[in-house]
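Novice: Here numbering that gives the first Met the number 0 is used: position 52 in the sequence shown is 51, and no number is missing along the way.
For the record, the hints were derived by calculation from the structure and aren't laboratory data. Keep in mind that the hints are not guaranteed to be accurate.
Claimed, not checked - Calculated cross-link-like contacts (lysine-lysine; reagent style BS3-like; alpha-carbon spacing at most 27 Å):
{"hint": "1", "residue 1": "K3", "residue 2": "K79"}
{"hint": "2", "residue 1": "K67", "residue 2": "K52"}
{"hint": "3", "residue 1": "K2", "residue 2": "K82"}
{"hint": "4", "residue 1": "K82", "residue 2": "K52"}
{"hint": "5", "residue 1": "K67", "residue 2": "K37"}
{"hint": "6", "residue 1": "K3", "residue 2": "K21"}
{"hint": "7", "residue 1": "K52", "residue 2": "K2"}
As the list claims (entries may be wrong) - Between beta-carbon pairs, the in silico distance windows are:
{"hint": "8", "residue 1": "F78", "residue 2": "D22", "range": "20 to 30 Å"}
{"hint": "9", "residue 1": "D14", "residue 2": "R60", "range": "49 to 59 Å"}
{"hint": "10", "residue 1": "K67", "residue 2": "D14", "range": "52 to 62 Å"}
{"hint": "11", "residue 1": "N106", "residue 2": "Q17", "range": "23 to 33 Å"}
{"hint": "12", "residue 1": "K2", "residue 2": "G103", "range": "13 to 23 Å"}
{"hint": "13", "residue 1": "G39", "residue 2": "V88", "range": "20 to 30 Å"}
{"hint": "14", "residue 1": "D22", "residue 2": "I51", "range": "20 to 30 Å"}
{"hint": "15", "residue 1": "V48", "residue 2": "V68", "range": "29 to 39 Å"}
{"hint": "16", "residue 1": "A34", "residue 2": "E102", "range": "24 to 34 Å"}
{"hint": "17", "residue 1": "K82", "residue 2": "P16", "range": "30 to 40 Å"}
{"hint": "18", "residue 1": "V36", "residue 2": "D14", "range": "41 to 51 Å"}
{"hint": "19", "residue 1": "F46", "residue 2": "E66", "range": "36 to 46 Å"}
Even for Gly, the Cβ is constructed at its ideal location relative to N, Cα and C.
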Amino acid sequence: MTKKDIVRTIAEQIDLPQLRTKDLVQRTFDALIEALVKEGRIELRNFGVFEIKRREARMARNPRTGEKVPVQAKNVLTFKPGKEMEARVRAVDLEAIERKKQEGSRNAAKAPRTVAPPTDAPEAPSA
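Required output: the full structure, derived from the provided sequences and hints.
Specialist: Below, the structure written as structure tokens:
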């Protein structure tokens, strides 16, 4: 799902123009990011918790050469789903979703493609 899909879904549900809905969705995302940057944690009931955590510097190994390489300390964003989301995700039938995707791509491949003739093509001589 993309932001465009989210906007379309919400706009249809609350009967609001997509441009207005897009603005509201973007402002919501901006507010979440701002709160996360300022406070380091966002808790959304029945959804989950976003949190910035510190990963300390460490030594890692290059898998190709086996050479040890230093990894700098960094901040990472973590997400812990809420109980409701966790329960709903566990109940998802991933195989059914994958079958739907496959059917959709097969149907798209079968759909005839129409090509418009070029607009600047010279006209055929009349007989």
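Novice: Given the hint of 29 to 39 Å, check if V48 and V68 actually sit that far apart at their C-beta atoms.
Specialist: Cβ of V48 to Cβ of V68: about 32 Å, so the range 29 to 39 Å holds.
Novice: Check the hint pairing K3 with K21 against an upper bound of 27 Å on the C-alpha distance.
Specialist: Within the cut-off at roughly 8 Å; holds.
Novice: Between K82 and P16, does the C-beta distance stay in 30 to 40 Å?
Specialist: Since the Cβ atoms of K82 and P16 sit about 35 Å apart, the hinted range of 30 to 40 Å holds.
Novice: Given a hint of 24 to 34 Å, does the C-beta separation of A34 and E102 actually sit inside it?
Specialist: violated, 40 Å
Novice: Just to be careful, I want the Cα atoms of K82 and K52 compared with a cutoff of 27 Å; is the pair within it?
Specialist: Roughly 21 Å between the alpha carbons, so the hint for K82 and K52 holds.
Novice: Between K67 and K52, is the straight-line Cα distance small enough, at 27 Å or below?
Specialist: Holds, at roughly 24 Å.
Novice: Go ahead and decide if the range 20 to 30 Å is satisfied by the Cβ distance of G39 to V88.
Specialist: With a Cβ separation near 25 Å, G39 and V88 satisfy 20 to 30 Å, so the hint holds.
Novice: Okay, K2 versus G103 on CB: inside 13 to 23 Å?
Specialist: At roughly 21 Å between Cβ atoms, G103 and K2 fall inside 13 to 23 Å, so the hint holds.
Novice: Checking one constraint from the list: CA of K3 to CA of K79, max 27 Å. Satisfied?
Specialist: holds, 25 Å
Novice: Looking only at beta-carbon atoms, does the pair N106, Q17 fall within the given range of 23 to 33 Å?
Specialist: Given a distance of about 26 Å, which is inside 23 to 33 Å, the answer is holds.
Novice: Look at the Cβ atoms of D22 and I51 and judge whether their distance stays inside 20 to 30 Å.
Specialist: Given range 20 to 30 Å: holds, Cβ gap about 27 Å.
Novice: Would you say the C-beta atoms of D14 and R60 sit inside 49 to 59 Å of each other?
Specialist: holds, 56 Å
Of the numbered hints stated above, those contradicted by the structure are hints 5, 16, 18, listed in ascending order.
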